[in-house]
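Undergrad: Sequence order for the protein chains is A and B.
FYI, my numbering numbers position 251 of the first sequence as 251, with every residue one higher than the one before it.
FYI, my numbering numbers position 257 of the second sequence as 1257, with every residue one higher than the one before it.
Hints are not guaranteed to be accurate.
[What the hints assert, rightly or not] What follows is a list of derived Cβ distance ranges for each label pair:
| id | chain 1 | residue 1 | chain 2 | residue 2 | range |
| --- | --- | --- | --- | --- | --- |
| 1 | B | Ser-1083 | A | Lys-446 | 19 to 29 Å |
| 2 | B | Tyr-1012 | A | Lys-38 | 36 to 46 Å |
| 3 | B | Ser-1083 | A | Asp-401 | 54 to 64 Å |
| 4 | A | Gly-26 | B | Leu-1180 | 23 to 33 Å |
| 5 | A | Gly-26 | B | Thr-1023 | 23 to 33 Å |
| 6 | A | Gly-187 | B | Ser-1132 | 55 to 65 Å |
| 7 | A | Tyr-12 | B | Lys-1008 | 29 to 39 Å |
| 8 | A | Lys-315 | B | Val-1046 | 27 to 37 Å |
| 9 | A | Gly-187 | B | His-1068 | 54 to 64 Å |
[Unchecked claim] Straight-line distance between alpha carbons at most 30 Å, and here's what the computed DSBU-like set of lysine-lysine pairs gives:
| id | chain 1 | residue 1 | chain 2 | residue 2 |
| --- | --- | --- | --- | --- |
| 10 | A | Lys-446 | A | Lys-366 |
| 11 | A | Lys-41 | B | Lys-1204 |
| 12 | B | Lys-1176 | A | Lys-4 |
| 13 | B | Lys-1292 | A | Lys-4 |
| 14 | A | Lys-196 | A | Lys-103 |
| 15 | A | Lys-189 | A | Lys-103 |
| 16 | B | Lys-1204 | A | Lys-38 |
| 17 | B | Lys-1125 | A | Lys-189 |
| 18 | B | Lys-1152 | A | Lys-186 |
| 19 | B | Lys-1125 | B | Lys-1292 |
The set of hints was computed from the structure by calculation and includes no laboratory data.
Each residue gets a CB set at the ideal place from its N, CA and C atoms; glycine is no exception.
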Amino acid sequence: MNSKVLERRLTYMTIMAVLVFTILTGRLGYLQLVEGEKFEKMATENRIRLLALEAPRGDFLDRKGRLLVTSRLAPVISVVPMDMDDPDATLGRLSEILGYDVKQTVHDTVQRLQERKEYRPYTPIRIATDADINTLTKIAEHQLELPGVMIEEQPVRDYVLGDVGAHVFGYVREISREELETWRDKGYKMGDIVGKTGLERVYDEYIRGETGGQQVEVDAHGRAIKILPGKQMPVPGYSLKLTLDRDVQEAAVLGLRESMENIKREFPTKAAAAVAIDVRTGGILAMASEPSFDPNIFTTETIPPDIWTSINDPKWQPQLNRAIRGVYPPGSTFKMVTATAGLETGVIKPEDTIVDRGVYWRVEPKKCWKAGGHGVVNLTRAIAVSCNVYFYDLGYRTGIDGLNKYTALYGLGQPTGVDLYPVEATGLLATPEWKLENYKTLGLGKPEPWQPGETLSAAIGQGFSAFTPLQMANYIATIANGGTRYRPYLASEVIDPDGKVERTIEPQVIEELNLKPETVAAVKEGMHLVTTGEGTASYYFQGFPIPVAGKTGTAQNSQGADHGWFVGFAPYEEPEIAIAVLVEEGGHGGSAATPVFRRILEAYFGLPTETDTEETL
Amino acid sequence: MLDKRLLKNLDYVIIAVVVLLTTISFFVIASASPESPYYHVKRQGVWVALGLVLFVLTLSIDYHDLAHYTKYLYYINLVLLASVFIFGREAKGAQRWLRVGSLELQPSELAKLIIIITLADLLSKRASSIRSIRDLLPVFIHVGLPMLLILKQPDLGTSLVFIGLLLGMLFVAGIKWQYLAGLCGLGGALAPMLFYLLEPYQRKRILVVFNPYIDPTGDGYNVIQSMIAIGSGRVWGKGWFAGTQNRLGFLPEQHTDFIFSVIGEELGFVRAAGILLLYFILIYRGIRVAMKARDDFGALIATGVVIMFTFHILVNVGMTIGIMPVTGIPLPFMSYGGSSYLSNMMALGLLLNVYMRRQKILF
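Throw the hints in and build the complete structure from the sequences for me.
TA: Written out as structure tokens, the structure reads:
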């Protein structure tokens, strides 16, 4: 390198440096000296700020307008970081009064806000929602020792039915970091209370409302706060009118609990689900999943450890919505699919009979559930007595592809499109291709072709296929209305805070099955016979004033006791409601699930319940 | 070791400037921490103490010895930068931090120093043999590799420092004007393409410079609030601890990236310009070190340090007064933050190292 060149170039560097600093100083002078007055005014105006006023979330109403979920005002304890002279002392004292440590909570919140550059020392940080009166009194008494601690009324979610319908309604809680990232464009901000599951989540944008604001002025030191005119009232969220019926919903939940209580000595289960659908619209009248939880607990900042453990019980999983996320083999409740396939493909006519001697020999010896068999059986009787041999034969005639075609038409093994979160399970419609692809999960060493015996098992619902209770209820609804498959749905209207209907969600037809009227009539008749005479469930419908159609099911379960099913609809002639009830490991479908079905019907038709009648006698 | 005769050769003007800036920084950081004034000050005190140790260490090693280790330094640097992706901690959407014990360090800060040393070594050996654009290729790769790793974190600001170092050091190394002009032309042509490759938030930050009001609640918020803060300080400032923009939390990151906004608001134009003057003295004396260096290697090290400081001051202060994009580059010796202070002290050590050993000492 040439030292002269070096020197010259370094001189240029010096000139560059002079230039840089001239620009910086010049711009600084422009901002501070020329534009200073304008910016000073803007800085003063900055002392006027907007404090958030939370909006109450919209209500959930049942189909008759009765309240299911609402919001109420509750005292909320917050701290304003700017106003705490000695944060350690204040938070320490506050922890004593509340009985748990709040320092970490405040620290974490401040840190999260700072990371997002949303931290403002004058914005209150929520410590405890819905504190009890003793705590509030203590705080009021010690106000002087607690500068920066404030109590304000804020709307809090109120699930009036407690643990009834928790899986449908869902729960709300502070927005998480991930949700904030995903919903960035939708105007959510840190600290927002959002729907985490259920309808609260799906319709959050409608329900949440708009946060209002209160103009407040702080002085140069940011101490005294003066409330200014110009309050922007929060806009309450839109309410949802649901297809649910509160009575039916309650009957479903209580019915499941009662039934499990009755069978607990023989079958100690806690898990069950029930779904009721309006067959004319696809509107869900009731959806219950047991065990349940009380979504009100999520509105408080700290959930007691014992409650936290119980709602996260790994064995029974109370937060799991079994009605849409539980997948079970259908057992004999599947036989109407086989019947439809046989009648529609024309391989049988309703009056065709077979003779059941107790064993079906054609492929490999397969027994009927009744030793010695049912004798002469036609289609309707086969459904009524749940004759396996009849359906083995029918499955053999239609073949697996024929069966699967009608299974799919009924919507089994595919998402129903219900408006719930977490998303429903798809279930499984097992095909020969599926078996070849999934040989490993079946414990097979290599891909093996579909066996004729597997078609027979599939024909009576004991194959690989498995469905959700919602899919089963919708399948029955499709039979009941004569072959129209609707999308099951929960929200029917969005209502604005003034009571005006903002949006109506219309029933949606997913598929017209175009079944022959004779097919529908024969299948329905068979289901009706189930509840009368020699039918498998007739015992449970003695003296029931409305003619009913149904089907029991007992699904074999390799993990434990059999799952009990009952599906059906009513009234038999002009169907309105279709129901599927499942009791996990509940043994036989008749004893575990049928009483629940009956109880739901009683609620729907406004009949006195069995227990009521006993009391009056 | 440090010889007494060597110590006589130190540039005490530079030292005085840094002592002054550091002292001022404690006062400004205290005011810029509205929640608890001494939390950051105390921690910064620890960094300053550590920084002194590193300064003395860097000073005591003869910079000529560094030339023997440039290869190792270069590879260690790459490994450190890559390790951020494996062991690093993510914050604010970028992976920049590495945990060592209880300390969190940013390898990209050290990377700047290492690239100054290794590039100075490379150019002092090769500069005179650069006769075509093709001869520049190894130089580009040398700077490009670590730069890409940093860009991937993503840390746009530090990557830009690398471009500044590359251009500035090539210039001082004496390569032809035409090449530099060609490089700048090429850069200008590629800029729209690079702009397209940036993350959307980075693009927005650049656009906000031209018009902060396009996004007054998001990225523009920071720039607008910073300009309000500085402008409202006017001639004499609102006084220490009395800046409403700062104390009431309108300024973002006011103890780190936006510390100059606090200076502008609370200390006013006269003092803020005075602080800029201190920085100018630092830069001016730094260039003088490069001129007086005993050899090309020393001159280029000093040039690198000067460019690094200048770039940081320009981009950081420029950001607060709305003429540079928001890139998260700290203000040397002023912003709160360990990695930055330590690397600046080491850079200072390098600079004075060159100055101190400008004469051959005869024993």
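Undergrad: State for each hint whether it applies.
TA: Okay, the hints, checked on the actual structure:
{"no.": "1", "hint": "B:Ser-1083 <-> A:Lys-446: 19 to 29 Å", "verdict": "violated (45 Å)"}
{"no.": "2", "hint": "B:Tyr-1012 <-> A:Lys-38: 36 to 46 Å", "verdict": "holds (43 Å)"}
{"no.": "3", "hint": "B:Ser-1083 <-> A:Asp-401: 54 to 64 Å", "verdict": "holds (57 Å)"}
{"no.": "4", "hint": "A:Gly-26 <-> B:Leu-1180: 23 to 33 Å", "verdict": "holds (26 Å)"}
{"no.": "5", "hint": "A:Gly-26 <-> B:Thr-1023: 23 to 33 Å", "verdict": "holds (27 Å)"}
{"no.": "6", "hint": "A:Gly-187 <-> B:Ser-1132: 55 to 65 Å", "verdict": "holds (56 Å)"}
{"no.": "7", "hint": "A:Tyr-12 <-> B:Lys-1008: 29 to 39 Å", "verdict": "holds (31 Å)"}
{"no.": "8", "hint": "A:Lys-315 <-> B:Val-1046: 27 to 37 Å", "verdict": "violated (51 Å)"}
{"no.": "9", "hint": "A:Gly-187 <-> B:His-1068: 54 to 64 Å", "verdict": "holds (60 Å)"}
{"no.": "10", "hint": "A:Lys-446 <-> A:Lys-366", "verdict": "holds (26 Å)"}
{"no.": "11", "hint": "A:Lys-41 <-> B:Lys-1204", "verdict": "holds (28 Å)"}
{"no.": "12", "hint": "B:Lys-1176 <-> A:Lys-4", "verdict": "holds (14 Å)"}
{"no.": "13", "hint": "B:Lys-1292 <-> A:Lys-4", "verdict": "holds (12 Å)"}
{"no.": "14", "hint": "A:Lys-196 <-> A:Lys-103", "verdict": "holds (26 Å)"}
{"no.": "15", "hint": "A:Lys-189 <-> A:Lys-103", "verdict": "holds (23 Å)"}
{"no.": "16", "hint": "B:Lys-1204 <-> A:Lys-38", "verdict": "holds (26 Å)"}
{"no.": "17", "hint": "B:Lys-1125 <-> A:Lys-189", "verdict": "violated (56 Å)"}
{"no.": "18", "hint": "B:Lys-1152 <-> A:Lys-186", "verdict": "holds (29 Å)"}
{"no.": "19", "hint": "B:Lys-1125 <-> B:Lys-1292", "verdict": "holds (19 Å)"}
Taken one by one, the earlier hints fail for this structure at numbers 1, 8, 17, listed in ascending order.
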